[in-house]
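J.: Heads up: the sequence lines are chains D and C, in that order.
Take any residue in the first sequence, count from 1 to its spot, add 208: that is its number in this note's numbering.
Take any residue in the second sequence, count from 1 to its spot, add 1014: that is its number in this note's numbering.
Hints in this document: simulated from the structure, not taken from any laboratory.
Even glycine gets a Cβ: it sits at the ideal position worked out from N, Cα and C.
Mixed in with the good hints, there may be bad ones.
What the hints assert, rightly or not - Derived lysine to any residue pairs resembling SDA-like cross-links, with alpha carbons at most 25 Å apart:
{"no.": "1", "chain 1": "C", "residue 1": "K1172", "chain 2": "D", "residue 2": "G225"}
{"no.": "2", "chain 1": "C", "residue 1": "K1172", "chain 2": "D", "residue 2": "V445"}
{"no.": "3", "chain 1": "C", "residue 1": "K1172", "chain 2": "D", "residue 2": "R446"}
{"no.": "4", "chain 1": "C", "residue 1": "K1172", "chain 2": "D", "residue 2": "L383"}
As the list claims (entries may be wrong) - Part of the chain D face toward chain C, derived, beta carbon under 8 Å:
{"no.": "5", "residue": "G287"}
{"no.": "6", "residue": "L292"}
{"no.": "7", "residue": "R442"}
{"no.": "8", "residue": "V445"}
To be verified - Chain D regions said to be covered by chain C (calculated; three or more residues, Cβ under 8 Å):
{"no.": "9", "stretch": "216-228"}
{"no.": "10", "stretch": "295-305"}
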Amino acid sequence: MRVFGRLVLVTLQGLLGRRRIVLMLLLAALPVLVGLAIRLGGGRADAPAILDTLVIRTVLPLVALVIGSAALGSEIEDGTVVYLLIKPVPRWVVALAKIAVAVGVTLALTLPAMLVTGLLIGTAQGGSLGSSLGFVLAAIAGGAAYASVFTTLGALTTRALVVGLAYTLLWEGALAGLLEGTRFLSIRQATLGLAAALGAGDPDVATLEPIASLVVLALAIAVPLALTALALQRFQVRAGD
Amino acid sequence: MTATPAVASEPAPPAPATPNAPNAPVAAIELEHVSRWYGNVVAINDISFALGPGVTGLLGPNGAGKSTLLHLIAGLLAPSAGQVRLAGRRPFGDPTVYHEVGLVPEREAIHPYLTGHQFALLNAELQGLPDAGAAADRVIATVDLTEAAHRQIRTYSKGMRQRAKLAGALVHDPRILLLDEPFNGMDPRQRLHMMSLLRSMAAAGRVILFSSHILEEVERLAEAVLVVYAGRLAASGDFRSIRRLMTDRPHRFTIRSSDDRRLASALLAQPAVFGAELVDGLLAVRTSDYAAFTRALAGVARGAGIRLFEVAPTDDSLESVFSYLVRR
Chain D
209 MRVFGRLVLV TLQGLLGRRR IVLMLLLAAL PVLVGLAIRL GGGRADAPAI
259 LDTLVIRTVL PLVALVIGSA ALGSEIEDGT VVYLLIKPVP RWVVALAKIA
309 VAVGVTLALT LPAMLVTGLL IGTAQGGSLG SSLGFVLAAI AGGAAYASVF
359 TTLGALTTRA LVVGLAYTLL WEGALAGLLE GTRFLSIRQA TLGLAAALGA
409 GDPDVATLEP IASLVVLALA IAVPLALTAL ALQRFQVRAG D
Chain C
1015 MTATPAVASE PAPPAPATPN APNAPVAAIE LEHVSRWYGN VVAINDISFA
1065 LGPGVTGLLG PNGAGKSTLL HLIAGLLAPS AGQVRLAGRR PFGDPTVYHE
1115 VGLVPEREAI HPYLTGHQFA LLNAELQGLP DAGAAADRVI ATVDLTEAAH
1165 RQIRTYSKGM RQRAKLAGAL VHDPRILLLD EPFNGMDPRQ RLHMMSLLRS
1215 MAAAGRVILF SSHILEEVER LAEAVLVVYA GRLAASGDFR SIRRLMTDRP
1265 HRFTIRSSDD RRLASALLAQ PAVFGAELVD GLLAVRTSDY AAFTRALAGV
1315 ARGAGIRLFE VAPTDDSLES VFSYLVRR
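Just chain C, same shape as in the assembly (with noise of 0.2 Å):
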């Protein structure tokens, strides 16, 4: 697969001379074999990427690793192995590099006691910025928070949660932004607006980097996608040639029909398919065209007078795509 210029799956030669000048061509996030291990359990396995403005994806299913990475590109957890550089620095243990950078964690938990626009005022404040009151009036207006902006967050939904995160983490307009599930929680309105909010952000240059896993979401989004699956980068790239690697991987169906041997033989004779076998009593057929086959299944059960009685996809959850992209 072809690396875009946002992503390449090696980090990015080493700037000349003094690191952090401030014309030295610098990634703003850029990972060297980084692993994180607890105990004998290995969370992020030898991990490498290289990113710069614009929005990336960080897709995968639950569990396999989003929010380790996250977290060790945010400083909040220290590498076992490797190394992490974020706005040219090792973010751990070294908060000033939270003057570039604005996160909104997973965990919807924020200080309750205070009212929406406290907690952007703290964030401005702890930020240092000179006007913190028009900072934080500017960003709950930004984030749609405003009619809600005097109550506790206690009394807050899901959705309004996600927005004082993120009114929190943008009330400094840092470069660079690092978001765990932003969608989680929020209707479809408030979605969009996000997007929108995001987009225009990076189109303005900021480093854009957000976890999710669903497809669309990401698909909608980002311009580039890193696909993380039990601890391991996947895939990374442009959007598009991951969508196709997904798309082009074999399909499974089981079919029950009227005449399961015959329906083999019949399938078998079409170009998409590529194997069909009996197990269990059900027909199981692989092919490698997921639309082409759908499309022409019907048409054959008929053509030899063959009654489907169900056909079902066994695996299109998307752990198995994901698991695909790492055997592949």
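With the rest of the complex left out, here is chain D (with noise of 0.2 Å):
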């Protein structure tokens, strides 16, 4: 446990000692002000739609891929995490540190904001309390899938933030709402499946049903644990080094 807590703090150093967290700060705020702005001036109220555009298709994944890819991938990259292999620690625990540290941090980043544009966009006229904190949940469920794959991803390539954004922009983006048979490869229709069943969703909008999505959630996170976990065992200093 003393050992599981010391990898997650030294993580969590490596992560908030960088300036781009502040990017990220910036970046979970600004459905708060897209929130802020609906309220005050008293316009359309169709909050799902926005959280979806907002946060689920922007914030979520891209907070999740940049520090998802550099919980673990950073110190592949420069080498230092040969410091954590070279100890007599089970492989599995240094990658549960990581992927712990990697939810925790974009959760961290992103829920406040979420909550606070929930009961922004939620209170305001038309919108219903109930649907956004549904939102929420599923979103908490998403951000930890996607903060999962994301640093599975910095363990077995270097160019992590390239992939992320291709399986964001272009798979989730765009393939997966045009081809019905990929959407059980996609985070975000998992996400707002599950919205849909916590009384969020839009019903005009084909999602996965419940157990699907709370399946296909399940499995990025487990699968990406497992996959970390086995890269660490396997791992060898690049040639060269």
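Two chains, two separate frames, one set of hints: put the complex together.
T.: As structure tokens, this is what we get:
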């Protein structure tokens, strides 16, 4: 437990000591500003659509990508991960600590902003508070899934940011909307499906069934953990190092 | 060449019955026909040896495969062929070996946002030491880093980083210590301090293997030497016999003088000279005895009334010494 705690602490120090954390805070605050504008303007209150576009489509994956890809990837990149691996610590413990921190930081950055936005929009004219909170709950699961997947990506490739962006923008943004069969490979679709099951969905938008959504999200957290543990177990320093 | 007890060119015979039994005579580090290749490039070529207590120097020019070899031993690379044993176990993918092993990698990078003390504490806690805080304090003092202990590592000089890395490797007082170019970036005083530290650890029965491309470092610290060149084990044994091999090899000089032809015939009369020829307007001389030749040369030239303009050893680089050892 002490080992796990120390690994979490070191990972946190590494993530929070970077300037990008400020950028992430600003990005996470963006929905709050939009919510505030809607509230003050007294305009439309189609909360689910706005939260979908702003949070699930943009803020959540981007924050999870930047945090997740750095949680383990930056240490692999600069070689300092070696100091964690030449210790008598099971490698899955290292993997679990990295993913736990990525999930925790992603949610810590996005949740407060999401809650505030949900309250602002949800209590606006015509909006429903309950549906906004349902959305936030679904976003927690979605954020955890994104952060897990992107942490693993950081462990597997040095181009995690590019691959992660391609996944969110091209795959989830374009293809998964067009091809129904690919929805099972989309965290966004699963998050929306869960939101719908929690009474926050847009009935006009076809999403995954609740059970399927839960399964996809659970797999998106568990499979990356196993893959990261395996990658660390088989870790080799690069040639020329 | 005769092998010392510390370095044997062939692996020790396998221990009977259970290899990990407490009293089994297991070599601390043991390689059996280990090779490692990357695609078509062979980085390590069929290396076998076994190491016991004491300081062993892993000597070779840059790019010879020293780091690859240390990474194989430390379990950070999987061998393409052959078998590595560290503390009686296969180290690749088995983190439990690190209870007994400390590694100082060559790369300079350490978590820059940690202080030296935090880095030592991280290592102590990941080792599962009961009193990690005390162990961290102790090792910081051992590597002489107390003054800078609470500064971030990003502010450290190269030599301080080396000592922080050493602190991380020593915090659990390991039986086996692997160091990759540990003296890089250290000033002479730090180098002396570190050498005496490693010597006292060796005297206490620790197994220490360190790599270096500098002959003097190995000469001053190591009792036994492994010479690696182009991925092969070129020589192994105690330092003196390797040193003799290095000085006894044929040396070549090129000479410019006022009369190369007459100087050549005068030199051929010397017992230490076994070849002299004129190549591209220069006199090339081969000798078996570096010291005797350089002593005799001036006298020979003066006796024959020839003026020397230039005398240059052509193959005195460590590189050529190593390649000679491999061809031998």
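J.: Against the earlier hints, flag every one the structure doesn't satisfy and list their numbers going up.
T.: Number 4 - this is the single hint that the structure violates.
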